[in-house]
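Trainee: Sequence:
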Amino acid sequence: MPELPEVETMVRGIRDAVEGHSITDFRRCPCACKPIATQPEMDEIRELVVDRTITKVWRRAKRVVLELEDGSAFVIEPRMTGLMLLSDPPDIEHLRFQWELQRGTKSHSVWFWDRRGLGTLKYFDKEQLAYVLGETFLGPDALDMTLPLWKQQLAKTTREIKIALLDQKLVAGIGNLYASEILHRAKISPKTPANRISTTRIKRLAECTDAILRTAIKYEGSTLGDGTYRNALNQDGSYQNEHRVYAREKLTCPDCETGVIKRIVQAQRSTFYCPRCQSR
DNA sequence: ATTAATGTTCAGAA
DNA sequence: TTTCTGAACATTAA
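Residue 245 is where the first sequence starts when you use our numbering, and the numbers rise one by one after that.
One or more of the hints may lead you astray.
Each pair of labels, with its calculated beta carbon distance range [stated by the list, open to error]:
1) 499 with 360: 31 to 37 Å
2) 500 with 286: 51 to 57 Å
3) 335 with 313: 29 to 35 Å
4) 502 with 300: 45 to 51 Å
5) 300 with 508: 39 to 45 Å
6) 352 with 314: 34 to 40 Å
7) 314 with 500: 51 to 57 Å
Because the hints were derived from the structure by calculation, they are not lab data.
Positions of the beta carbon are idealized from the N, C-alpha and C atoms, including for glycine.
Just need the whole structure built from these sequences, with the hints factored in.
Mentor: Here it is as structure tokens:
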């Protein structure tokens with residue numbers, strides 16, 4: 245589930261407890277879940293990382309990067325239900341990986357927890373890392389977008405803007421929830437072909453993307469009804485209280501107070517919007 | 001029993 | 001070449 249704001253929250257939540265710490269052990273948790281890495285891989289990785297220091301914790305799009313002193317790194321993609329946690333996992337059955345860390349005489353652990361198990365964890369050397377996080381697979385980070393970049397990227401496709409916003413090669417970090425929220429605030433119809441959006445609207449899109457993502461980070465992301473997403477201490481985020489359209493079908497639009505929020509399906513995924521505010 | 005869920009990827013078709 | 005569709009991954013809850 246996590247999109248850019250939730251992943252950024254995870255990164256900030258674990259940063260102080262991870263940066264500058266050395267790895268004393270890295271293991272797969274003894275859960276009954278289907279493993280997302282094979283044992284030979286695990287042994288190999290463990291060999292390479294034990295006694296190394298994690299120097300940087302950062303985010304690229306919707307991925308968490310734990311970078312070691314030699315430039316190699318763990319790249320964790322939480323996908324739908326993955327969480328990076330320092331404590332209090334929602335349950336112990338779905339803990340997947342554990343890093344045992346140490347600084348001085350103090351030691352503690354960081355976990356990757358994932359209920360559905362769609363998340364991935366990989367370990368790359370410095371060169372591979374640059375490649376897998378580079379422009380071959382990912383467009384510019386949503387927080388690094390500028391007006392000229394938006395123009396350039398949107399000109400590349402005729403797809404409906406809502407669908408284009410989910411294309412990580414066009415712009416990286418936006419997911420299904422924030423795509424609806426961003427387009428609503430920018431007053432752009434989700435059905436508008438990306439390459440036919442006026443400059444005025446692109447400008448609004450740029451501003452609203454930035455504003456919404458930054459605000460959502462401030463609120464530590466969105467925790468929905470199923471409560472899947474939580475911060476590093478297993479606490480709820482609060483941006484869900486600020487949602488204007490997402491999962492609010494049939495409710496009155498909080499902006500125009502006249503339109504009724506509609507749910508449509510685009511590329512097999514729900515889009516929520518106000519037909520009155522977002523007529524084109 | 002069925003459906004949908006904040007994500008990504010792949011195959012095959014249009 | 002680009003775009004679209006459906007299925008797949010695994011799990012839970014309405």
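Trainee: Give a verdict on every hint.
Mentor: Each hint tested on the structure:
A beta carbon spacing of about 34 Å between residue 499 and residue 360 agrees with the range 31 to 37 Å that was offered as a hint. Checked against the given bound of 51 to 57 Å, the beta carbons of residue 500 and residue 286, roughly 54 Å apart, stay inside it. Look at residue 335 against residue 313: about 34 Å separates their beta carbons, and that is inside 29 to 35 Å. Against the hinted window of 45 to 51 Å, the Cβ-Cβ separation of residue 502 and residue 300 comes to about 49 Å, which satisfies the hint.
Distance hint check for residue 300 and residue 508: the Cβ-Cβ separation is about 41 Å, which falls inside the suggested range of 39 to 45 Å. As the Cβ distance of residue 352 to residue 314 is approximately 23 Å, the hint placing it in 34 to 40 Å is violated. Remark: the range hint 51 to 57 Å for residue 314 to residue 500 is upheld by a beta-carbon distance near 55 Å.
In the structure shown, a violation is registered for the earlier hint numbered 6 alone.
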